[in-house]
Amino acid sequence: MKAILPTAIFALIATASLHSQELVLKDGRRIPFATFSVSGATLRVPTDLAEGGKMEVGYPLSSIATIDAEEPAEIRSAKSLLGENKPAEARAMLRPVLQLYGPVKDLPGQWWAEAALVQADALRISGDRSGAAQVYDEITTHFPVDTQPGALAALRKLALSDQLHGVKLSESVTRVAEALKDPDPHTKAELKFLTARALSQQDRFREAAEGFLGIRVFYPGVKELQAAATLEAARAFFQMDDLKWTAFYLQDLKSLYPASPELAAAKDDFARLERRQNRPADTSSIQTK
10 MKAILPTAIF ALIATASLHS QELVLKDGRR IPFATFSVSG ATLRVPTDLA EGGKMEVGYP
70 LSSIATIDAE EPAEIRSAKS LLGENKPAEA RAMLRPVLQL YGPVKDLPGQ WWAEAALVQA
130 DALRISGDRS GAAQVYDEIT THFPVDTQPG ALAALRKLAL SDQLHGVKLS ESVTRVAEAL
190 KDPDPHTKAE LKFLTARALS QQDRFREAAE GFLGIRVFYP GVKELQAAAT LEAARAFFQM
250 DDLKWTAFYL QDLKSLYPAS PELAAAKDDF ARLERRQNRP ADTSSIQTK
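Going letter by letter, the sequence shown gives residues 10 to 298 in our numbering.
If you're looking for bench data, these hints aren't it; they were derived computationally from the structure. Because the structure is a prediction, the values reported are computed rather than measured. Hints should not be assumed to be uniformly reliable.
[To be verified] Distance condition first, Cα-Cα at most 25 Å in a straight line; then the derived DMTMM-like pairs of lysine to aspartate or glutamate: (1) 232 with 137; (2) 263 with 233; (3) 232 with 283; (4) 190 with 180; (5) 35 with 60; (6) 95 with 261; (7) 114 with 233; (8) 88 with 180; (9) 197 with 146; (10) 232 with 146; (11) 276 with 212; (12) 276 with 93; (13) 35 with 65; (14) 114 with 98; (15) 114 with 155; (16) 177 with 219.
Take the sequences, apply the hints, and build the full model.
Written out as structure tokens, the structure reads:
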């Protein structure tokens, strides 16, 4: 039996996940599609002919009201791959979605923005901070900060910044929050995460720990932040010299997220904890008679 090449696998997944979706035209017609292409201002959908074969039917982009399509399976798979610290595989998985929806990123119902957010996260995890920032910028070019994609891109770019710390980071997060009228739970969780980071940078470690742990308690569905929130909570407790809870949350990170990039990044945290735990007791204040 011949091995199936990875590119063929991605193509098969793309065809399956994009099947039975519809373009909704402004005149009310619904056009099923498995794939499409864009040429100039026209979107073309391959259509089966009664006598066999296919032909492409074109629709002006201006005639399309929205794209009615569920989240592509590739996006969900790519998020899972990031959770396993596999950014290269995640980017490859996203390629069909980015190629399909890229030309229609300005249409309602597109999935380009979500795929681009995950792509930027993959670049960040792989160490390409500049590449990630460029993708976040591209997203905010098409989606203002008062939209979910724009807000998430803006927040994640803030997280990359080496210039914004403490109060400045908090002020920037507040500006994004004020632009959002009704943020969804995912965006609220990211706002909370960066607010907690800003508190930590101001040495307000107790409040920071509460913020990071609040993500675990109130936003468990935002899976992308759980490992990071756990690690940052452990770091906040370490700064308070609360070794019991530092050890607890580092162990939580190890047991709950064994393949996460955060666990890989926590190697030094485990080493610091061990050194602190093995440090001789301070007897300088004990006076002998």
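- Task: Starting from the hint list further up, note which numbers the structure goes against and sort them upward.
- Result: 3, 5, 8
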